[in-house]
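K.L.:
First to last, the protein sequences are chains P and H.
Oh and the first sequence: position 28 is 28 in the UniProt record's numbering, straight run, nothing missing.
Oh and the second sequence: position 51 is 51 in the UniProt record's numbering, straight run, nothing missing.
Mixed in with the good hints there might be a few duds.
Copies of the same chain look alike in the list, so a pair counts if it fits in one copy or across any two.
DSBU-like, lysine-lysine: derived pairs with alpha carbons at most 35 angstroms apart [stated by the list, open to error]: (1) K442 - K202; (2) K264 - K70; (3) K28 - K4; (4) K185 - K379; (5) K202 - K114; (6) K114 - K405; (7) K115 - K70; (8) K4 - K114; (9) K210 - K106; (10) K210 - K70; (11) K26 - K185; (12) K114 - K264; (13) K235 - K210; (14) K235 - K373; (15) K390 - K264; (16) K115 - K210; (17) K235 - K20; (18) K346 - K28; (19) K367 - K114; (20) K70 - K202; (21) K285 - K43; (22) K114 - K210; (23) K185 - K442; (24) K43 - K185; (25) K185 - K70; (26) K21 - K43; (27) K235 - K106; (28) K4 - K115; (29) K185 - K106.
Just so you know, these hints were derived from the structure itself, not from any lab.
Fair warning: this is a prediction, and the values are worked out from it, not measured in the lab.
2 protein chains.
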Amino acid sequence: MIEKEVWNEYWELMPEEEMKKIQWLKLKRILIFAYTSSAFYHKKFNEAGIHPDDIKSFADFSRKVPVTTKAELRSMQAEGYPLGSNMTVSRTEIVWITASTGTTGKPTYTCCTKKDWEMWMECAKRMFWLGGLRPEDTHIHALGLSNWISGISFATAAREIGATVVPVGVPTPVDRMLMLIRDLKPTSIVCTPSYAEHLANKCQELLDLKPSELGLRKFFCGGEPGASIPSFRRKMENIWQCDMRDLMGSPEMICGDLIECHLKNGFHIVNREFCYNEFCDPITKMPIEMKDGAEGTRIYTALDKEAGPLIRFDVQDQCQIMVAPCECGYPGIRFNVTGRYDDMLKIKGVKIWPSTIKDIISSFAPKLTGQFKIILQEKPELFTVTGPVKLKVEHADGLTDNDVKNIKKELVNSIRRSCLWAPENVIMSPPGSIPPAEFKAKYIEIDAN
Amino acid sequence: MIEKEVWNEYWELMPEEEMKKIQWLKLKRILIFAYTSSAFYHKKFNEAGIHPDDIKSFADFSRKVPVTTKAELRSMQAEGYPLGSNMTVSRTEIVWITASTGTTGKPTYTCCTKKDWEMWMECAKRMFWLGGLRPEDTHIHALGLSNWISGISFATAAREIGATVVPVGVPTPVDRMLMLIRDLKPTSIVCTPSYAEHLANKCQELLDLKPSELGLRKFFCGGEPGASIPSFRRKMENIWQCDMRDLMGSPEMICGDLIECHLKNGFHIVNREFCYNEFCDPITKMPIEMKDGAEGTRIYTALDKEAGPLIRFDVQDQCQIMVAPCECGYPGIRFNVTGRYDDMLKIKGVKIWPSTIKDIISSFAPKLTGQFKIILQEKPELFTVTGPVKLKVEHADGLTDNDVKNIKKELVNSIRRSCLWAPENVIMSPPGSIPPAEFKAKYIEIDAN
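Chain P extracted, bound-state conformation (with noise of 0.2 angstroms):
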């Protein structure tokens, strides 16, 4: 590496033997917290018939410590706010709650003490420096700034790292955003994809003028998946002349942890001895062998988390492993998440993710717009999808009735030919029909008719 290519050169850039050693022993530490502090985690660990004694390896750790499920979260949660049986700290030590974004339900929390702040803010400061963030950058930040983690801490550690930052949000009227980024000339900016794309399509209507034109020439996309599918990458690199780079966070843990470097070959986790990571088989939750291609669900563990500690939480995510070294030198293995386990639809027995479909859909591009909707007859259980499955999706402008019937069948058939299926019945709606997400796209629509 040639100049500071990483914030906190001794601990990220430790070998993975050594770091494996403080592993260990920050993971003995936070089980005797657990087991002593917290409500939830001594009546878990006593049901489950274990003792921190017992873990003396990380198999032993894997073996007989049962997972931490969000379900869990939610339920232990309502015994008492904010943080229920797994309250490890006084209330008086907490200064900071983020409340998860979901609109039907109870929200989660997620709370920290002013250690738990620092150790958020280190982890975000190294994800956008290893993302390509530097002090010369004006940044702005176009994600939501209310709750939820990837706001006012995400604005935070830009400015700490010494960006200028433009702290906008969203949701924030287009119009103004644009005309903020004309004004001020950001080099930077994060974002949803499905944002960085909205944004290049009003740039074209409301400044007419190429994307490209307004300088922004990083993106740090997150929230849902889009900035590593590679068409859609391509697609947005093209048009805005950028360097696309996909991050991702562990909100239950309370940070930003997961950034592509300049490659751009899977996520490096630049929190190693703050975060244990194992990758598990997601119905048995056993570790799966270690190697290039291998997949499973990540399960963490917080090594450094005052309150609420979290041990073994199952994130649900489907990660493709790659245990070769990255050539880019940023030690520890790397992963691609390819879907979420608790997205994923079983439809007559096989497995379908949106994020797959999206990436098929991306690929018709410009011919297709990107938008779409799969939309089920009712709520999956178990992943499992009973009735017919419909796929909505967007086509552009000025095609022909035949274009589209042609787009249509050639789509049906690329579907089918990744996943194995294809949808019973396909709409192709017209352009501006499905509202473009300015948040978190939900591609799943439940429709009884």
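Could you slot chain H onto chain P? The hints should help.
P.N.:
Frame of chain P; chain H shown alone:
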């Protein structure tokens, strides 16, 4: 004072005489900085025929240095974003840019360097602490988070004090806001006064709870007049069983710096060593005689600002001075803001402030809801209103036609007594017909018909 009543005892409690010496030294320094680093001020001073060395006393400063107006900020910024000819630092030294919320025309930008940010935080922490926020509070942020100065900065300052911050922001659906309040049991909130009223109304409607049952005991209100209007404050403190404090910021200087102590008798200035305040005649801009009850516009000079210094910035707030020492022991003068000179209306030669009308209407509670609009035929020029003035006032539920007629008569009389003027036409409007403002309430509407 018994406990630590202020955040920074040394600077905040410094006797006025000693503080004046600090201010004088810093004033000399900032004059040199502005003259030697800002093209805008270099030119402005030259045109006024002054040189920093000419300023040998506070009196010289007031007499010789011209004021800076908001219009100047706007036009200088148009010369080149973000700070135009008042750009005093290199772009890479700027770490934060906020834009005013103005929806029409160009926003004005405020920038800060790392040091400016630290000053901003120091001011906001002093403000919240003097207002009674403590580490044991859970504090909900219910002002906007996007861009404007009272957003992320206020949430960050509350966190740095050690309070448990819930950064929700507005706009957020009010049912979600109430759910978070019910779940997390905050003891403190920062919001606009109109939002405090809106929340109270919705609390009864959506949760079937009295507002006081929610346990919010500290209301920090700013962003619009209201919290220090006696009748409004009495009503809110009674409904919520709370302690309501008015606060204000100096956006162009970048900080929140004015707040009431527990005696609630005018704003204390918490940042005397960062900001030199003059109270001047609104037309001549020369200092008024400092005695209790004197009225004038506030003109301030940011003594430490690195990115875009402001010398004699005319705030256009109509202030009423209190020079008698406050019984709380906090040093320095206090003042009330009784209107804005740029909001002021001259109707048939009489000066009328919408806030005075608001105050009168509030005194009719519960018969009037407090919602109202002043409707003009055209935008005033130099404060002067041409054509008849309509007043639209919302009355409460359950009144007979006769009640409404009588209230209208009383209201007109009351306005005439206080203002020596009354609107040509008062329209009594049914409850719910004037939407409650979730943001900065706008009291004036232009309607040519």
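K.L.:
The structure should be examined with respect to each hint, and the outcome stated for every one.
P.N.:
Right, here's what the structure says about each hint:
Proximity of K442 and K202 under a CA criterion of 35 angstroms is satisfied in both settings, with 21 angstroms inside one chain copy and 30 angstroms between copies. Taking the shortest alpha-carbon separations for K264 and K70, only the intra-copy value of 30 angstroms comes in at or below 35 angstroms, while the best inter-copy value is 47 angstroms. Only within a single protomer do K28 and K4 lie at most 35 angstroms apart by alpha-carbon distance; the minimum there is 33 angstroms, versus 41 angstroms between protomers. In the homo-oligomer, the alpha carbons of K185 and K379 lie at most 35 angstroms apart only across protomers (34 angstroms), although the nearest pairing inside one protomer, at 44 angstroms, exceeds that limit.
In this assembly of identical chains, the alpha carbons of K202 and K114 lie at most 35 angstroms apart only when taken from different copies (34 angstroms versus 41 angstroms within one copy). Taking identical chains as interchangeable, the C-alpha atoms of K114 and K405 are never at most 35 angstroms apart, the minima being 59 angstroms within one chain and 58 angstroms between chains. Only within a single protomer do K115 and K70 lie at most 35 angstroms apart by alpha-carbon distance; the minimum there is 24 angstroms, versus 42 angstroms between protomers. For the homomeric pair K4 and K114, the shortest alpha-carbon distances inside one copy (28 angstroms) and between copies (21 angstroms) are both at most 35 angstroms.
In the homo-oligomer, the alpha carbons of K210 and K106 lie at most 35 angstroms apart only across protomers (22 angstroms), although the nearest pairing inside one protomer, at 42 angstroms, exceeds that limit. Taking CA atoms no more than 35 angstroms apart as the test, K210 paired with K70 passes between copies only; the shortest distance there is 34 angstroms, against 43 angstroms inside one copy. Taking the shortest alpha-carbon separations for K26 and K185, only the inter-copy value of 34 angstroms comes in at or below 35 angstroms, while the best intra-copy value is 44 angstroms. Proximity of K114 to K264 under the C-alpha cut-off of 35 angstroms is found in both arrangements, the shortest distances being 33 angstroms within a copy and 32 angstroms between copies.
Proximity of K235 and K210 under a CA criterion of 35 angstroms is satisfied intra-copy only: 14 angstroms inside one chain copy versus 54 angstroms between copies. Taking identical chains as interchangeable, the C-alpha atoms of K235 and K373 lie at most 35 angstroms apart only when both belong to the same chain, with a minimum of 20 angstroms there against 50 angstroms between chains. Only within a single protomer do K390 and K264 lie at most 35 angstroms apart by alpha-carbon distance; the minimum there is 34 angstroms, versus 63 angstroms between protomers. For the homomeric pair K115 and K210, neither the shortest alpha-carbon distance inside one copy (44 angstroms) nor that between copies (37 angstroms) is at most 35 angstroms.
Taking the shortest Cα distances, K235 and K20 never come within 35 angstroms of each other, neither inside one copy (39 angstroms) nor across copies (61 angstroms). Within a single copy, K346 and K28 get their C-alpha atoms no closer than 38 angstroms, and across copies no closer than 74 angstroms, so neither meets the 35 angstroms cut-off. In this assembly of identical chains, K367 and K114 lie within 35 angstroms of each other by CA distance neither inside one copy nor across copies; the values are 51 angstroms within and 48 angstroms between. Only between protomers do K70 and K202 lie at most 35 angstroms apart by alpha-carbon distance; the minimum there is 31 angstroms, versus 37 angstroms within a single protomer.
Only within a single protomer do K285 and K43 lie at most 35 angstroms apart by alpha-carbon distance; the minimum there is 20 angstroms, versus 70 angstroms between protomers. Proximity of K114 to K210 under the C-alpha cut-off of 35 angstroms is restricted to the inter-copy arrangement: shortest distance 34 angstroms between copies versus 44 angstroms within a copy. Taking CA atoms no more than 35 angstroms apart as the test, K185 paired with K442 passes in both settings, with 31 angstroms inside one copy and 31 angstroms between copies. For the homomeric pair K43 and K185, the shortest alpha-carbon distance between copies (27 angstroms) is at most 35 angstroms, but the shortest distance inside one copy (54 angstroms) is not.
When the C-alpha separation of K185 and K70 is checked against a cutoff of 35 angstroms, the pair qualifies only between copies, where the shortest distance is 23 angstroms, while the shortest distance within a copy is 41 angstroms. For a Cα distance limit of 35 angstroms, the shortest separation of K21 from K43 inside one copy, 28 angstroms, qualifies, whereas the shortest one across copies, 63 angstroms, does not. Taking identical chains as interchangeable, the C-alpha atoms of K235 and K106 lie at most 35 angstroms apart only when they sit on different chains, with a minimum of 32 angstroms there against 38 angstroms within one chain. When the C-alpha separation of K4 and K115 is checked against a cutoff of 35 angstroms, the pair qualifies both within a copy, at 26 angstroms, and between copies, at 24 angstroms.
For the identical chains of this complex, K185 and K106 are inter-copy neighbours only, at 15 angstroms across copies versus 40 angstroms inside a copy, given an alpha-carbon limit of 35 angstroms.
Figure legend: structure checked against the earlier numbered hints; hints not met, in rising order: 6, 16, 17, 18, 19.
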